[in-house]
Amino acid sequence: MATLTEKYVHAVTRALPEDEREDVAQELRATIADRVDALLAEDPWLESLAAEHAAVAELDDPARLSAGYTGRPLHLIGPEAYPAYVGLLRALVVTALPIIAVVTVVVGILSGDHFGAIIGHMAWATFNVAVHVFFWTTLVWVLVERNAAPGKVARDLGNPWTPDDLPEPPRATGVPISETVVGLTLLGMAVAFVIGQHFLSWFTTADGDPLPMLDPDLWSGWLLLVVGALLAMMAFEVIRFRAQHWTAPLAVAKTVLTIAFAVPVIWLAVTDRLFNPPYLADLDRLWVDVDAGHLNTIVWITVAVVALWDIADSWRKARLASREEPLGRDGLTSHP
Amino acid sequence: MSDSAVLAGHLQELRRGTVVMAALATLHRPTYGYALLESLDAAGFHVDGNTLYPLLRRLERQGLLASEWNTEESRPRKFYSVSTDGEALLTDLLAEWESLHASIERLR
Numbered sequence: 002m003a004t005l006t007e008k009y010v011h012a013v014t015r016a017l018p019e020d021e022r023e024d025v026a027q028e029l030r031a032t033i034a035d036r037v038d039a040l041l042a043e044d045p046w047l048e049s050l051a052a053e054h055a056a057v058a059e060l061d062d063p064a065r066l067s068a069g070y071t072g073r074p075l076h077l078i079g080p081e082a083y084p085a086y087v088g089l090l091r092a093l094v095v096t097a098l099p100i101i102a103v104v105t106v107v108v109g110i111l112s113g114d115h116f117g118a119i120i121g122h123m124a125w126a127t128f129n130v131a132v133h134v135f136f137w138t139t140l141v142w143v144l145v146e147r148n149a150a151p152g153k154v155a156r157d158l159g160n161p162w163t164p165d166d167l168p169e170p171p172r173a174t175g176v177p178i179s180e181t182v183v184g185l186t187l188l189g190m191a192v193a194f195v196i197g198q199h200f201l202s203w204f205t206t207a208d209g210d211p212l213p214m215l216d217p218d219l220w221s222g223w224l225l226l227v228v229g230a231l232l233a234m235m236a237f238e239v240i241r242f243r244a245q246h247w248t249a250p251l252a253v254a255k256t257v258l259t260i261a262f263a264v265p266v267i268w269l270a271v272t273d274r275l276f277n278p279p280y281l282a283d284l285d286r287l288w289v290d291v292d293a294g295h296l297n298t299i300v301w302i303t304v305a306v307v308a309l310w311d312i313a314d315s316w317r318k319a320r321l322a323s324r325e326e327p328l329g330r331d332g333l334t335s336h337p
Numbered sequence: 009m010s011d012s013a014v015l016a017g018h019l020q021e022l023r024r025g026t027v028v029m030a031a032l033a034t035l036h037r038p039t040y041g042y043a044l045l046e047s048l049d050a051a052g053f054h055v056d057g058n059t060l061y062p063l064l065r066r067l068e069r070q071g072l073l074a075s076e077w078n079t080e081e082s083r084p085r086k087f088y089s090v091s092t093d094g095e096a097l098l099t100d101l102l103a104e105w106e107s108l109h110a111s112i113e114r115l116r
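Residue numbers (this note's numbering), protein chains in the order written: chain Y, 2 to 337; chain C, 9 to 116.
Please keep in mind that the hints were generated in silico from the structure rather than gathered at the bench. Check before you lean on any hint, since a few could be wrong.
Calculated Cβ distances over 12 Å to all of chain Y for the following chain C residues [to be verified]:
| no. | residue |
| --- | --- |
| 1 | Leu19 |
| 2 | Tyr40 |
| 3 | Pro84 |
| 4 | Leu101 |
| 5 | Glu104 |
| 6 | Ser111 |
Restraint-style ranges between C-beta atoms, simulated for each label pair [to be verified]:
| no. | chain 1 | residue 1 | chain 2 | residue 2 | range |
| --- | --- | --- | --- | --- | --- |
| 7 | C | Glu106 | Y | Ala313 | 29 to 35 Å |
| 8 | C | Arg66 | Y | Pro80 | 16 to 22 Å |
| 9 | Y | Trp137 | C | Ala74 | 45 to 51 Å |
| 10 | Y | Asp38 | C | Asp100 | 34 to 40 Å |
| 11 | Y | Trp137 | C | Leu22 | 20 to 26 Å |
| 12 | C | Leu22 | Y | Thr248 | 48 to 54 Å |
| 13 | C | Asp56 | Y | Asp314 | 49 to 55 Å |
| 14 | Y | Asp314 | C | His54 | 51 to 57 Å |
| 15 | Y | Leu17 | C | His54 | 25 to 31 Å |
| 16 | Y | Pro80 | C | Pro38 | 34 to 40 Å |
Using N, Cα and C, we set each Cβ at its ideal position, and we do this for glycine too.
Start from the sequences and build out the full structure, keeping to the hints where you can.
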């Protein structure tokens, strides 16, 4: 069996260029032997094998020493390439993954899969794409990192950073008019839909009257609350635009309004009371393969996600605004 | 006042570049790797073998050190000595060292 020294020397030198290997090996043998002698001189009771073990252990992992001789990096992606790497990964993840998720869900619905199967396919496809995105991006970056001259990695990747790359910071103070217009439009469309679906419909009753999509019995209570909440949210949009500033009370109001809208809708959808049963029956006849009952699931998940996002977003902006307060209008600190 | 772990970290950063100067300064007498490690250690430059030995090779590749195998003794050893280029570099590094020191003193 080879001695510990020989095993270590081999482990260090096998990755070195042919012409350096023997020279480094000879020097390393002498160095370890010198260290063993020194250790034995310090402690005469030490066994020589134990001294050899200690001397080799001090030199640490042979891969590390070997990389020291060759100058090879001991990382996959170094600090120079890392920001561009993470930037690309983030861009791919936020664009590719949602697209894959939506496409698989739509394909699943169109081919009439069960709800569970659709979710399963979506999760599996998204996971697969995520793994591929991570693997291939990382591989390309590692190859660039290994082949580019030091200090030139960022240039080799094609886009050195410039100040023009800076994104707009999230605006907490100041509510752009576009945001208010979009919000009012969406809310107005929602009100128009809830009221309009009662009078206009794809389907008609046996008497030729339009068949409402939402259960008409709900007009005695629930739908009034929903429409009321939507109108209140429109008023809120106007108030917030005039305030031009998120505050904790505004965030509380937004939370209450969102809950007043979302909770009834989610509860009605989950308990299968939102849609008009004859309407669903007609829909079932039209979509041969698809169970119209999935509409309930789609509605409650969508409403829940949007509501949670809205609430979280308003609190985040209110917190940002409270922090920005000491800043001047131009964003500069107003130190005396 | 200064936390000992913080101090140790900064001292390590500060000394990293000085190992090259210490090695070049020591090697005006030809010396082999392990002996250099011991004399640096005795002078207060604690450097690991797995840092020093590759460093010697790198300095040799840059023409700052010359080397020669000594096979007269029973154990053949590779002796390094500073070259003319290495001497010039050491002078430049020491001048920079002095000017850094002077600048910091002026800033205080």
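Which hints, by number, does the structure contradict?
-> Per hint list: 2, 3, 7 and 11 violated.
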